[in-house]
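Both chains come to you apart, so use the hints to assemble them.
Protein chains in written order, with my numbering: chain A, 431 to 546; chain B, 329 to 439.
Think of the hints as simulated: they come from the structure by calculation, not from any bench. Quick reminder that beta carbons are idealized off the backbone N, C-alpha and C, glycines included. Please note that the accuracy of each hint is not assured.
Unchecked claim - Cross-link-like lysine-lysine pairs, in silico, DSS-like; alpha carbons within 27 Å at most:
#, chain 1, residue 1, chain 2, residue 2
1, B, K331, A, K530
2, B, K438, A, K471
3, A, K471, A, K496
4, B, K426, A, K494
5, A, K471, B, K426
Stated by the list, open to error - Sample of chain A residues lacking proximity to chain B, with all beta carbon distances greater than 10 Å (derived):
#, residue
6, I442
7, D495
8, N500
Residues per chain are reported as follows:
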Amino acid sequence: GAVVSQHPSWVICKSGTSVKIECRSLDFQATTMFWYRQFPKQSLMLMATSNEGSKATYEQGVEKDKFLINHASLTLSTLTVTSAHPEDSSFYICSAREWKINQPQHFGDGTRLSIL
Amino acid sequence: DAKTTQPTSMDCAEGRAANLPCNHSTISGNEYVYWYRQIHSQGPQYIIHGLKNNETNEMASLIITEDRKSSTLILPHATLRDTAVYYCIVRVGNQGGKLIFGQGTELSVKP
Numbered sequence: 431g432a433v434v435s436q437h438p439s440w441v442i443c444k445s446g447t448s449v450k451i452e453c454r455s456l457d458f459q460a461t462t463m464f465w466y467r468q469f470p471k472q473s474l475m476l477m478a479t480s481n482e483g484s485k486a487t488y489e490q491g492v493e494k495d496k497f498l499i500n501h502a503s504l505t506l507s508t509l510t511v512t513s514a515h516p517e518d519s520s521f522y523i524c525s526a527r528e529w530k531i532n533q534p535q536h537f538g539d540g541t542r543l544s545i546l
Numbered sequence: 329d330a331k332t333t334q335p336t337s338m339d340c341a342e343g344r345a346a347n348l349p350c351n352h353s354t355i356s357g358n359e360y361v362y363w364y365r366q367i368h369s370q371g372p373q374y375i376i377h378g379l380k381n382n383e384t385n386e387m388a389s390l391i392i393t394e395d396r397k398s399s400t401l402i403l404p405h406a407t408l409r410d411t412a413v414y415y416c417i418v419r420v421g422n423q424g425g426k427l428i429f430g431q432g433t434e435l436s437v438k439p
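Chain B extracted, bound-state conformation (with noise of 0.2 Å):
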């Protein structure tokens, strides 16, 4: 599976859009992108994944470029409660794929 970079850590003002960028320059045509977050002591929750189109649903939206090689999850309104790690992962998306996480970015939503 491709890795990923992610910048370590961003700040974001409450009630501001959060942009979380991510970089997986070496991802195959059949790899998926997805987005996880883990709130402290807790296990990783789902927010949403792409393979090539935008996306969006209730918590985040999802772009992803052209090229495939880098995507940005939006959290249109962040709130204190959004303050958490957020992993961005590629995976095949079959059956077998498994997860491989990488250090993440650390979301601090600030009021």
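Isolated chain A, as found in the complex (with noise of 0.2 Å):
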């Protein structure tokens, strides 16, 4: 099946450092990437939907300059937390989904990060 890997697994850093995630698509080409973050005992909130070679779109309360999303080729998203805080602190999630139409999301095993 479809494989989407997310590196890191975790990362802990000092607060005002910027962190960078990466999101492959291994066996598929990934016209759409999502990225989504989830606090302990919630549900996952989308942050932004990224189509290859296209500026992100970011769901609404979500700092675009805080969060930035290059989609620069179909296997790989990244996600870079910038000038990362201790509220920036949880669990970050990308999936990915092929061009064909109607074909499901695949997720990553998420980025866990802590900001000290």
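Written out as structure tokens, the structure reads:
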């Protein structure tokens, strides 16, 4: 089945640093990728939708200058959390879907980000 | 996209069938029903999806009522590894459709 790889699986860094998370579709081309955030005991919250070769579309309330998304190829999207602070600590999950109509999204295993 | 309503939690005995209900009374004609599950500290896993016909795959069966206002996910022989949060999501079946997660059903499979 379709595989989405996310890296790193976890990261701990100091407040003020920027963190980049990669999301790769390993065996299919993903014209659209999605980024979610999940806090403990809560459901997934969609942050943004990225389309290959164009700017990402952010959900209401998500700061686009804080969460930079790049989708430069059909198999790779990156999320950069800029100047991270403790309140950005969360579980970040990406998903990707094939270009074929009505294909399900497949999710990565998530990145646990802890900002000290 | 239409909203869904699911029970907050359910228990199931190991080896028995787990039947997880979902209400989506405002579903539109072009919206599909998708089921995902999330095991603790992992990304969601795709299970199955359907439009109006019942569907079956190696993981589960999806039963959609004739009026499409509700559906049931069936895990025929639940195991302890099926313990997870199960999400029922409706989404327009085109390339731009995004998945909006509700609170899901926390299924606990007990020995």
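How the hints compare with the structure:
1. B:K331 / A:K530: 25 Å, holds
2. B:K438 / A:K471: The given pair, whose Cα atoms are some 21 Å apart, holds under the 27 Å limit.
3. A:K471 / A:K496: 24 Å, holds
4. B:K426 / A:K494: Holds, because 18 Å separates the two Cα atoms, which is no more than 27 Å.
5. A:K471 / B:K426: Status holds; Cα separation ~22 Å.
6. I442: 16 Å, holds
7. D495: D495 of chain A clear of chain B: closest Cβ-Cβ about 22 Å, beyond 10 Å.
8. N500: N500 of chain A is indeed farther than 10 Å from all Cβ atoms of chain B, at 19 Å.
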